[in-house]
Structure formats: C-alpha cells, structure tokens
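K.L.:
Given next are the chains, with one letter for each unit.
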Amino acid sequence: MTRILVSILTLLLISSFPVLAQTKGDTWRYEGPRIGMDLSRFLLPTMQSAKRNGWEIQADIPYKGNLFPTFEMGMQWFDDKQSTFDYKNNGTYARLGIDMNIVKFESLKDHDFVFVGVRYGYSVFNQQTDNIGTTNYWGTITTSLPRHDMSAQWGELVFGMKGELLPNFFFGWSLRAKFPIAVTKDINMHPYIIPGIGKTGGGTPFDFSVGVYYRFPIFRSKTIPKPIKMGGAKHPGLNNENDPNNPDYGGSQSGGSQNYNRGGR
Amino acid sequence: MRYYQIVISLLVILLGSCNDGNRCYDSVDTLMVTSISINGFKNVNTVIIKGINRNDVGDTLVNDASSSLTKRYPLPLSLTADSTGFVLNVNGISDTLYLRHKMIIKLISEFCGFAPNYVLSGSRFTAGIDSVKITDSKVNPQSIAKTTNDQNISIYFNASAH
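Quick note, the sequences are listed as chains A and B, same order. Reminder that position 262 of the first sequence reads as 262 in this note's numbering, one-by-one numbering, no gaps. Reminder that position 79 of the second sequence reads as 79 in this note's numbering, one-by-one numbering, no gaps.
Just so you know, these hints were derived from the structure itself, not from any lab. Treat the hints with care, as some may be off.
Here are the computed lysine-lysine pairs in the DSSO-like style, where the Cα-Cα straight-line distance is at most 27 Å [claimed, not checked]:
| hint | chain 1 | residue 1 | chain 2 | residue 2 |
| --- | --- | --- | --- | --- |
| 1 | A | Lys185 | B | Lys71 |
| 2 | B | Lys71 | B | Lys42 |
| 3 | A | Lys51 | A | Lys229 |
| 4 | A | Lys185 | A | Lys104 |
| 5 | B | Lys133 | A | Lys88 |
| 6 | A | Lys51 | A | Lys222 |
| 7 | A | Lys199 | A | Lys109 |
| 8 | B | Lys42 | A | Lys185 |
| 9 | B | Lys106 | B | Lys42 |
| 10 | A | Lys185 | A | Lys109 |
| 11 | B | Lys106 | A | Lys81 |
| 12 | A | Lys178 | A | Lys109 |
| 13 | A | Lys88 | A | Lys185 |
| 14 | A | Lys199 | B | Lys106 |
| 15 | B | Lys42 | B | Lys133 |
| 16 | B | Lys102 | B | Lys42 |
| 17 | B | Lys50 | B | Lys133 |
| 18 | B | Lys133 | A | Lys185 |
| 19 | A | Lys51 | A | Lys226 |
| 20 | A | Lys178 | B | Lys138 |
| 21 | A | Lys51 | B | Lys50 |
| 22 | B | Lys102 | B | Lys138 |
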C-alpha cells in the first residue's frame, strides 16, 4: 500500500514539472490522462435506507482533442434489511467507453467541456438472501437463498460536464441512462440492484456521478482542438476569428490537426 | 460556466435523492383460482371449504350460500408440503380433494418481498367429485387477476351425488 502511495505521489510530482515551469506569458495547452474518483458513491449511503457502500475510479485520456476514451471501475457492497428478508449483493464492475466534447474550447487554457458518451459495462457480483418470511393460511416458512455468483453486461448513454477548477484539478458530473443487455438468470430472484448499474426495479435505470479528477499534464500543444463537425448547414458570419486553428487568425501557429509534444521544455 | 456546473450538480444530486416512497404496489398473495360446478347444469347452492385437518374457528376458507351454476374461489396452497388437501362441502355433501404441486419462493419486488410460486402436477379426490381439470398449472401472485372464464383448476361434482 505504501509503495502504491509513493508511486502515485512521485508520478504527481513528475507530472507537475511542466506546470511549475509554466510562465505567465506561456501559451502552451497542456493535456494528459485524467484520473479521478466518483464522489457520489460516498454520498449514496446517506441518501438510501439500505447500506450501500462502494468506490469508483474514473480515467480518461484525450484523443484528437475532443474525444476522451474512458475507463471506469469500482466496487459496491449492498446490505438491505427489509421487513420480510435480508439481502446482500456485492461485486466489482468496469466500464469502457468514449466521451465526445460537444462545445468549442475558447482558448488554449480552456479545458471546460460538455460531453456525450457511451459505455459498455461488465459486472461480476454475488447475491444472497436470508430470513425470507412468508405466511398464508397454512402457516409460516422462513427460508434462505444461498450465495449465487452472477454477472451482468449493459450499455450506457452519458451526458455530462467537466470543468477545471484549479490548474489540473477538475470537477465534473454526468447523468447516465443504463440499458441492461444480459444478466445471469436466477430462478428465485432477479437482482434488484447490480453493481455498476444500480437499482433495476422498473424502467430504464438512471444514475448520476459527481467526481473530482486530476490531470497529468504530460502533453502540450499550441493549438486549440477543432470542434467536431456535426454536419448541418453552415452559418454565414461565423469565421472563428479568435480560433488559432483558423488560417485567418493572426497568430503564428499553423492550423490543422492537433500537434502534441511530450511535456518537457 | 463553473458556477453553472455547480448549480446543475446540486440539481442532479437532488434529482438522485428522489425515490418511489418504498411502497409495494403489486399483489403479494398467491391464491389458486378454483371454479366449482355440478355436472348436468345443476345449481351450486351452498359451498363450505376448509383445509384438511383444519377444524378450528376461523379455519373456514369459503362459506357461500348463494345459488349459482358455477362458483369461483381463490384458495391458498401449502407452503411446506408438496400437496394440499381441501374438504369441500357442496350442497351439504362433503368430499376431499388433494392437489400435488411443486413450490419455489420468488421475489416480487424489493418492497413487496417474496411470494410462493406453484406448479400443479396432479390431483386425487373422493367419489362425489367427477373430475378435476387443471387448466393453468402455474399458480403465482398474478393468478388472482384471472378473468371470469379463466382459472387454475375446475372441479366438477357428480350430479347423482349432489
């Protein structure tokens, strides 16, 4: 554990050098992988009657300026005591996907973006139910369902924002609609919560995520990523006069595709 | 944009804190819908149904004195045994019916809990009953919603005995 912490601190230190060396007149745009933690996983226990604990880390890396391949993974422990049964559901999950920025970066230092994205998720988990009580005319039974190892796959549509609050530190949120693709069958009960998906009780599960992120500024460039063309009619008069990528822009940079350098001086 | 983000974030958190009130809106009782009739279009005048060996006060499942060609009743099945026995007193004559079944416990929903689900596999009965027809062997919490001409089992009594 100590080694991991030392490694992370060393990496943070090394990756901070370009920022420390950054002078006031510097016009580099710094990019790099971003790693963060979903804070909403810590808020959930306070918002629900059942004990629902867990953590989730999220990471992305810029690709061609406006695309962000994303990896997320986490764990969840769910312990629910209802009036007629006790339910436990624990598991690990991961998601792979991509986010696409849908707004224009306004300057070299502007890293705030709004995104839409997709995810593919996979979860391995187990569920166990005890003290199931049922009563009718003939009497009462109390029974248990033993631990059952299960898995689930799903897709997600994501909409969200990330903004740079402090240099290299980001705050962001996302709303997610989740679409289960396959869940291991259980003759006695369909899991009403799945790690990575959340509650599956009725309709399309929705979820939200609020996170803080640190960006390792290991790439730099002098160009602002071009907005992704979404098609449609061109509007006259929008010549992007302030866009350094625009050939008509008065700056010294050459336009065209993004030109990243390694983060050294 | 940053302030905008924070405001929307708070709204998202509030939205996420909404829930459905932890209520159960589904049927939780598993009852076998049973129709009773007498061959030869003879009226069923009185019906009293009890569980077998259940003779205490309050153990009567059905006590119906209205007159009709066919009657329908929801009846509970045993939770612990693989068969359930009923004593059916129709027009003053008692008969016994045993139904064989398999039961599994199944989750209805998070807030409704579990309910037994049965599959009927056969029957055994005394001479006053002509036949028992299992029309839907699956007995679950949704069975109670069956419409007039739909039932789990139909019991036909001998006209000569009644």
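K.L.:
Look at each hint and say if it fits the structure.
P.N.:
Hints, verified against the model:
1. Lys185(A) / Lys71(B): Distance of about 39 Å is beyond 27 Å: violated.
2. Lys71(B) / Lys42(B): At roughly 12 Å apart (the allowed maximum being 27 Å), lysine 42(B) and lysine 71(B) satisfy the hint.
3. Lys51(A) / Lys229(A): At roughly 45 Å apart (the allowed maximum being 27 Å), lysine 229(A) and lysine 51(A) break the hint.
4. Lys185(A) / Lys104(A): Outside the cut-off at roughly 45 Å; violated.
5. Lys133(B) / Lys88(A): Status violated; Cα separation ~42 Å.
6. Lys51(A) / Lys222(A): Violated, because 49 Å separates the two Cα atoms, which is more than 27 Å.
7. Lys199(A) / Lys109(A): violated (39 Å)
8. Lys42(B) / Lys185(A): With Cα atoms ~48 Å apart, lysine 42(B) and lysine 185(A) exceed 27 Å; violated.
9. Lys106(B) / Lys42(B): violated (40 Å)
10. Lys185(A) / Lys109(A): violated (50 Å)
11. Lys106(B) / Lys81(A): Roughly 17 Å separates the two Cα atoms, so the pair holds.
12. Lys178(A) / Lys109(A): violated (34 Å)
13. Lys88(A) / Lys185(A): Satisfied, since the Cα-Cα distance of roughly 17 Å is no more than 27 Å.
14. Lys199(A) / Lys106(B): Roughly 18 Å separates the two Cα atoms, so the pair holds.
15. Lys42(B) / Lys133(B): At roughly 18 Å apart (the allowed maximum being 27 Å), lysine 133(B) and lysine 42(B) satisfy the hint.
16. Lys102(B) / Lys42(B): Answer violated: lysine 102(B) to lysine 42(B) is near 34 Å, above 27 Å.
17. Lys50(B) / Lys133(B): holds (20 Å)
18. Lys133(B) / Lys185(A): The hint is violated at about 32 Å.
19. Lys51(A) / Lys226(A): Distance of about 46 Å is beyond 27 Å: violated.
20. Lys178(A) / Lys138(B): violated (32 Å)
21. Lys51(A) / Lys50(B): violated (44 Å)
22. Lys102(B) / Lys138(B): holds (10 Å)
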